[in-house]
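The residues making up each chain are set out below.
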Amino acid sequence: MKTLLLTATAAVLVLAGCKKDDAPATTDFQTLKRTVLVDFSTHVALASYKDLRDASLTLNASIQALETAQTGINLTAAQNDWKAMRGIWEQCEGFLFGPVDVNEYDPYMDTWPTDYTQIDSLISSRTPLEVTDIEQIPLSLRGYHPLEYLLFGQGGSRQPGDFTPRQLKYMSSLTTDISNTCTKLYGSWAGTPENYAVQVAQSGTPQSAAYPKMQNAYLDIVDGMAGICEEVGEAKIKDPYDARDPQVVESPYSGNSWTDFENNLRGLQNVYLGHYKTHGLGLADLVAAKNKALDTKMQGQINAAISSFATVKAMPFEQSILSAAERSKIQRIMDALATLKTTLEDELRPFVLQYITD
Amino acid sequence: MTKGALILGLFGISLLAMCRKAAPFPEADYDQRLTGGIATVFDESAKAFTHAVDGLNSRDARVHTLGDLAFEQTFVAAPASVNGGLGPVFNNVSCLSCHHNDGKGSPTLGQNNSSMLFRISVPGQNEYGGPVPVPGFGTQLQNRALLGSRAEATVSVSYMPFSVTYADGETLELRRPTYRITDPYTAYSGTAFSPRMAPPVFGVGLLETIPEATLRSFVDESDADGDGISGKANYVYNPVTGQRQIGRLGFKSNTADVLHQVASAYHQDMGVTNYLFPNESCAGQPQYVKLSDAPDLADSTVKAVAFYLRTLAVPARRQVADPTVLKGQDLFKQLNCSGCHKPVLRTGIDQTKPYLSNQRIQPYTDLLLHDMGPELADGFTDNYATGSEWRTMPLWGIGLFERTNGTAFYLHDGRARSLEEAILWHGGESEKAKEAFRKLGKAERQALLRFIKTL
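Going line by line, the protein sequences match chains A and B.
The opening position of the first sequence corresponds to residue 1320 in this note's numbering, with each subsequent residue numbered one higher.
The opening position of the second sequence corresponds to residue 122 in this note's numbering, with each subsequent residue numbered one higher.
For reference, chain A alone in the conformation it holds in the complex (with noise of 0.2 Å):
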């Protein structure tokens, strides 16, 4: 890791005086492609996910003073909290390939839908609900979803007091879980024995069995934010959209779900751009070394579709599948996500291929 950090430091510090001044020619694009990867790997990746898993820690800390005292502050508090670490973890869908796939670590915190069935018949049982209980139990009964559902309840409307001890057992022993998990995932990029954030970095050498070719980081990186686009305009916002069913909506009760969308983008803008908190150099100065309108186009593209969820919001989505007026703001949002999926498969990906073929 500490190797790792240095070459990043160090590369950093090489470009840095030629980085947006200097004509591309100049830049040295072989340092350059490493570079992104290096700073994607620290930058992007590793920083969100040691975010995601201290978000986790605090959400734990804070059922946890729930279960202690049902009042209105810690009820509020958890709700906040959950709501913090959902943006952090929508966030982190825009790289979603590595480990939180091959390791599966998505299913078991974000399983959707929530089987409020089984839930009801497991709180309403004698089934000891301790942490190594409820990794005993199905993944719809598990994650974000379930917890989502006890601490905002059905149409948001979860007052303090309303909790029995065995939810309130549950939520404290499925947040437990979920931080497990979120530190396992973190655990993967930072550590041995998959050194993940290693093996994106150092792809193409030796180093790294999951690259042997730099190209292939290069490609699960794009293929991700093709996939996220996707997954928001294809299925989470058309799904509903098309049903025109506020059922099968995703995060129905924190009436979070415009939030989730943006922050899926926001995510796919950081893969992007090479930053998270701090600021590396990403795809863009890649793509801008090449291609300048290219890049124009990308950022003109990320910016357009990340702008669009403002003029939704006002309305909870689940309302406003419904609303005529809001239905072509909608669709212009489907609009502009589905543009820039053309341009990530089209063009974005064939710049990978035509310059990334180490």
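In case anyone wonders, no lab produced these hints; they're calculated from the structure.
C-beta: ideal position from N, C-alpha, C; glycine also.
Hints are supplied without guarantee of correctness; some may be wrong.
Stated by the list, open to error - For lysine-lysine, the following DSS-like pairs were computed, each having C-alpha atoms within a straight-line distance of at most 25 Å: (1) B:Lys553 with B:Lys448; (2) A:Lys1609 with A:Lys1503; (3) B:Lys574 with A:Lys1532; (4) A:Lys1609 with A:Lys1532; (5) B:Lys424 with B:Lys555; (6) A:Lys1532 with B:Lys353.
Claimed, not checked - Label-pair restraints from in silico Cβ distances: (7) B:Val410 with A:Asp1481: 26 to 34 Å; (8) B:Arg180 with A:Arg1651: 16 to 24 Å; (9) B:Ala415 with A:Thr1615: 49 to 57 Å.
Dock chain B against chain A, hints included.
Below, chain B without anything else, positioned relative to chain A:
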């Protein structure tokens, strides 16, 4: 020369020209990377099996996407507003939870990502020639259940290690599985038990399009050519068409049609009823509660998933010009691995599916049944398949299993942890090829394995 002779002469020349036989396009001129012909995708990542074929129109692309999304959907207990109808007994909760990344699964039992199911039967044949259900259990054992319901039984596995020695003295440890059925919900009287691990799902559209005559031409039941390999077609009832047809899918070529495969997987693996299988899988058992007459799944969803699978592309081969790989490729032929794992086939002409039609493909299978010897035998008969016969597993994509599944497992029940182990398990009709492999020197064995990894 008279005018007449000239005309006759010209006529003769043109006749001769027309008579020149069309020679086949030389095999060497094909791009060896194009495993699925036009339906090939260039991706060697974990997502290599998840791409649509090229050339779908926008409507078909949308149906593919809908099938893709449905394939990922988790089912939950009814009543529910979304994806209700799971169970009450089941093996897993979504297509994807067994077929990781549209690929092969893992041979664990009862866990969230376990990819095993268990075919069971008592002796005899049902009215269509298929296996006879075990009273109270059916033809598949569901080892999981909704909270408050009881699984049909618990299945556990233990592995006994043993060594195989190569001719050069090197050894390799294999593991032989033993399965136990415990805690059945009622007296269990099954005689045949066949554990099976989820196979990859891409490329089935191409396999379905291979003309039946091609498959029949490989049949050699009495081994007339004396190479030790017979090859037998299975003929199975297809509820989609209501006819008995040649089987192509399933570990015993026991399914003729992708749609049938999808509908029965929803029904048996997840307990999700649909228009082809409208009755709950546990009907007649104590945990059966009738909630609704309507199928759990929309007809359009079953069909979209079938369309999705039919239009999944096949990943391209890699390193096809590498000298070691080429050496391995020669060995594959010399050892007659290719006797069953047929490298090159051609799909039939189907103008409604230009993206699959008339393609030179490299599936490395003949889709026929072969006796694989006592070690792999499961004793489970299925139509014309005996208890020691298995369908030749297509090898395309096999070199990518490590990428798509994290840890790769091979053979019908995942007992093999490497390609090398998988080869050494071969017996029966493939005994000769396996023995020849065992006698190879280390460099040659590595070359063969290297070649298979490029598939």
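Each hint tested on the structure:
no. : hint                                : result
1   : B:Lys553 with B:Lys448              : 20 Å, holds
2   : A:Lys1609 with A:Lys1503            : 38 Å, violated
3   : B:Lys574 with A:Lys1532             : 16 Å, holds
4   : A:Lys1609 with A:Lys1532            : 21 Å, holds
5   : B:Lys424 with B:Lys555              : 41 Å, violated
6   : A:Lys1532 with B:Lys353             : 42 Å, violated
7   : B:Val410 with A:Asp1481: 26 to 34 Å : 29 Å, holds
8   : B:Arg180 with A:Arg1651: 16 to 24 Å : 22 Å, holds
9   : B:Ala415 with A:Thr1615: 49 to 57 Å : 52 Å, holds
Checked against the numbered hints above, the structure breaks hints 2, 5 and 6 and satisfies the rest.
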